[in-house]
Amino acid sequence: MAEAKLLSGNDACVQGALAAGVRFFAGYPITPSTEIANAFARELPGRGGIFMQMEDEIASMGAIIGASCTGTKAVTATSGPGFSLMQENIGYAAVAEIPCVIINVMRYGPSTGLPTSPSQGDFMQTRWGPHGDHPVIVIAPYTAREAYRETGRAVNLSERYRVPVIVLMDEILGHLRERVEFRDEDLVQEINRKGPDPDSTFLPYEYTEDGVPPFANFGTGYRYHITGLIHDETGFPTNNPVEVDRIMRRVNEKIELHRRDIARTQFVEVDDADILVVAFGSVARSAHEAVRTLRQEGKAVGMVRPVTVWPFPDEDIRKAAAGKKAVIVPEMNLGQMVREVERVVAGTVPVHALNRIDGLLITPQEMRDLIEDIQ
Amino acid sequence: MGELHEKYLRMNKMPHIWCAGCGNGIIMGAFITAIDRLGYDKDEVAAVSGIGCSGRITGYLDFNTIHTTHGRALAFATGIKLTKPRLKVFVFMGDGDAVAIGGNHLIHACRRNLDMTAVIFNNHIYGMTGGQFSPTTFKNKSATTAPYGTTDPDFDIAQLCIGAGATYVARGTSYHARLLTDLIVKGAEHPGFSVIEVITHCPVNFGRRNNFESPAQMLLWQKEHGVAARKAKAMPLEDMEGKFTIGELYRSTEIPEYLEEYGRVIQAANEEKQP
Ligand SMILES: Cc1ncc(C[n+]2csc(CCOP(=O)(O)OP(=O)(O)O)c2C)c(N)n1
Ligand code: SF4
Ligand SMILES: [Mg+2]
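These protein sequence lines are chains A and B, in that order. Numbers 16 to 390, taken from the working numbering, label the letters of the first sequence in order. Numbers 7 to 281, taken from the working numbering, label the letters of the second sequence in order.
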């Protein structure tokens with residue numbers, strides 16, 4: 016491949032989605048995600064796709080679920096206020112197991128907040144936004160190059176596991192334009208959902224070995240029912256406690272079952288480090304820089320960066336943190352991912368939160384200062 | 007009817023959950039009769055519904071069916087129709103579903119004119135949640151959330167849809183079942199967004215609280231208050247007081263269907279791609 020382009024994170028998401036076969040976008044404009052809608056509006060009609068500007072984010076989320084029912088790979092993009100509005104239908108996609116991708120370019124909240132400032136305040140909302148226990152995958156790129164590849168991967172994971180996948184960006188990453196050199200490993204392959212086996216009777220929510228039922232696209236001769244009511248394997252509502260328990264365990268556990276395929280974590284100079292930084296998204300760019308300069312000065316500092324942030328990479332963090340003097344978790348919020356890190360290390364290593372909520376990115380210098388304090 | 011039931015309903019899902027005497031079953035009967043008349047292949051029909059007693063209809067219809075979220079059926083349906091235009095898309099909603107929580111989606115669906123058919127079950131009440139007033143409950147009615155009588159003015163769904171740009175709007179009732187079938191057939195054949203408002207009855211959560219002694223009495227009320235649109239035109243306005251028009255109320259073929267228009271976008275995009 017080795018092709019260089021100047022791309023913003025938002026543009027890269029669009030390119031990655033298109034490469035993975037996305038042919039439907041529905042959205043409602045909101046800073047700092049709007050460029051994603053603009054780019055899809057330009058790109059889709061010439062590729063046999065459809066771009067829809069809906070009346071709000073609730074409708075956008077509904078429309079992409081509808082599009083996915085016909086077998087069309089579908090995406091929406093939004094930011095804080097719109098992401099809040101999408102939650103009910105995201106829960107629907109999770110329980111009805113409809114593949115779809117939501118790009119959330121985080122801005123400062125709550126409410127209208129600081130519309131043009133970055134934040135990582137939606138970390139927990141991406142996991143627990145909809146009511147009820149539900150599965151979800153959340154992926155947080157940190158460069159434009161990765162935004163391309165990971166959005167493509169998000170589309171593929173949603174197809175393979177029949178689950179909504181959220182691409183968690185932020186204002187900095189969305190708007191930052193950088194030179195991206197695509198290499199072979201960035202190539203996005205197209206993965207399609209598994210269809211019904213023509214030789215056996217179709218059960219829309221069948222219990223299969225991989226925990227993922229086959230999906231029959233609307234209009235392909237399988238007439239069945241989809242509902243957000245808890246359903247049995249035939250797809251029809253049930254409130255039989257045994258069946259309810261069984262299906263909801265499968266729906267939630269399928270993610271854990273495939274954790275190895277879903278997980279992606281980056282390790283930077285972890286092995287011999289005394290101090291470990293755990294960071295994601297654009298904050299990890301600062302963390303990476305802090306690690307680089309401290310290493311040049313001979314300081315034993317490393318970084319772990321969850322790329323797949325949900326399911327949270329428990330094992331990766333536990334192993335990386337083992338025996339370290341301290342773990343630092345910098346976030347542009349009042350401390351959300353740090354709770355996960357604390358849960359995982361469970362008191363074996365001191366955990367320090369470094370939080371900034373003034374609408375600005377945490378700088379490498381701030382991390383260096385904290386690290387030097389600890390040392 | 008028995009034959010049509012066997013052909014178009016999921017008989018293993020019977021009996022349905024609707025109360026005895028509810029109008030919903032009549033509407034379902036009128037709908038499958040319409041489908042039979044239209045001659046649509048069952049595999050080529052998508053039925054989309056919201057949440058409410060009315061929304062449960064999709065569980066019984068033997069098509070590609072999806073029971074969505076409260077108020078959002080039209081949004082889901084829009085995604086289905088746009089990505090598989092070959093499918094005949096029908097959207098079933100209650101009055102609360104369509105004009106309270108889903109009101110925004112309804113007016114925008116009317117404005118866009120995408121070729122789908124919406125059937126709105128207007129029983130003037132929130133049936134499923136137990137009789138709270140809706141945007142179509144008349145003034146001075148009793149509801150669980152209006153123990154002293156309703157004060158809110160009500161919406162005229164059909165007029166709302168005409169105003170918002172729907173290109174086929176009709177009103178039927180569960181009493182005039184044959185007319186309802188005709189209206190659904192015409193709505194489905196119309197190339198654009200069609201709305202069929204159905205005045206129906208909820209004996210349990212509306213009737214009992216508002217001096218209707220039986221479902222039959224509610225049907226009689228529909229018969230006495232529904233005036234054929236053509237006849238209504240010739241009537242003095244005061245004679246229409248408290249009554250409503252039924253039949254085809256509006257039709258336009260001047261506004262292009264949404265996907266037809268979208269074809270221009272595709273063409274422009276393709277022309278730009280040419281070197
Ligand atoms: C977001 C949301 N709010 C509220 C409800 C509760 N709810 C379920 S059905 C319903 C109203 C049903 O009334 P209508 O749409 O008129 O349908 P009907 O039952 O009368 O057919 C409400 C408020 C819900 N399911 N979802
Ligand atoms: S509550 Fe009313 S609308 Fe619902 S099934 Fe019973 S009679 Fe019908
Ligand atoms: Mg109602």
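The hints are simulated quantities; they were obtained by calculation from the structure and are not laboratory data. Mixed in with the good hints there might be a few duds.
With a Cα cut of at most 16 Å, we get these calculated EDC-like pairs of lysine to aspartate or glutamate [what the hints assert, rightly or not]:
(1) Lys279/B x Glu267/B
(2) Lys19/B x Asp247/A
(3) Lys279/B x Glu58/A
(4) Lys145/B x Asp121/B
(5) Lys279/B x Glu263/B
(6) Lys19/B x Glu248/A
(7) Lys340/A x Glu357/A
(8) Lys249/B x Asp162/B
(9) Lys94/B x Glu9/B
Covered stretches of chain B (chain A as the covering partner; in silico rule of three or more C-beta atoms under 8 Å from a C-beta of chain A) [as the list claims (entries may be wrong)]:
(10) 89-98
(11) 104-117
(12) 177-186
(13) 220-233
(14) 268-275
For each label pair, taking beta carbons as the anchor points, the in silico distance ranges come out as [stated by the list, open to error]:
(15) Thr259/B x Arg57/A: 29 to 35 Å
(16) Arg270/B x Thr216/A: 52 to 58 Å
(17) Lys48/B x Pro44/A: 38 to 44 Å
(18) Glu277/B x Asp384/A: 53 to 59 Å
All C-beta atoms in this analysis are idealised placements derived from N, C-alpha and C, irrespective of residue type, glycine included.
Structure-based check of all given hints:
1. Lys279/B x Glu267/B: violated, 19 Å
2. Lys19/B x Asp247/A: holds, 13 Å
3. Lys279/B x Glu58/A: Satisfied, since the Cα-Cα distance of roughly 10 Å is no more than 16 Å.
4. Lys145/B x Asp121/B: violated, 34 Å
5. Lys279/B x Glu263/B: violated, 25 Å
6. Lys19/B x Glu248/A: holds, 15 Å
7. Lys340/A x Glu357/A: Holds, at roughly 14 Å.
8. Lys249/B x Asp162/B: holds, 12 Å
9. Lys94/B x Glu9/B: violated, 22 Å
10. 89-98: holds (count 4)
11. 104-117: holds (count 3)
12. 177-186: Our answer is that it is violated, as 0 residues pass the Cβ test (under 8 Å) against chain A, missing three.
13. 220-233: violated (count 0)
14. 268-275: Result for this restraint: holds, n = 5.
15. Thr259/B x Arg57/A: 29 to 35 Å: Roughly 32 Å apart at Cβ, these two residues keep to the hinted range, so it holds.
16. Arg270/B x Thr216/A: 52 to 58 Å: violated, 44 Å
17. Lys48/B x Pro44/A: 38 to 44 Å: About 39 Å separates the Cβ atoms of Lys48/B and Pro44/A, which means 38 to 44 Å holds.
18. Glu277/B x Asp384/A: 53 to 59 Å: The hint (53 to 59 Å, Cβ to Cβ) holds, given that Glu277/B and Asp384/A are roughly 57 Å apart.
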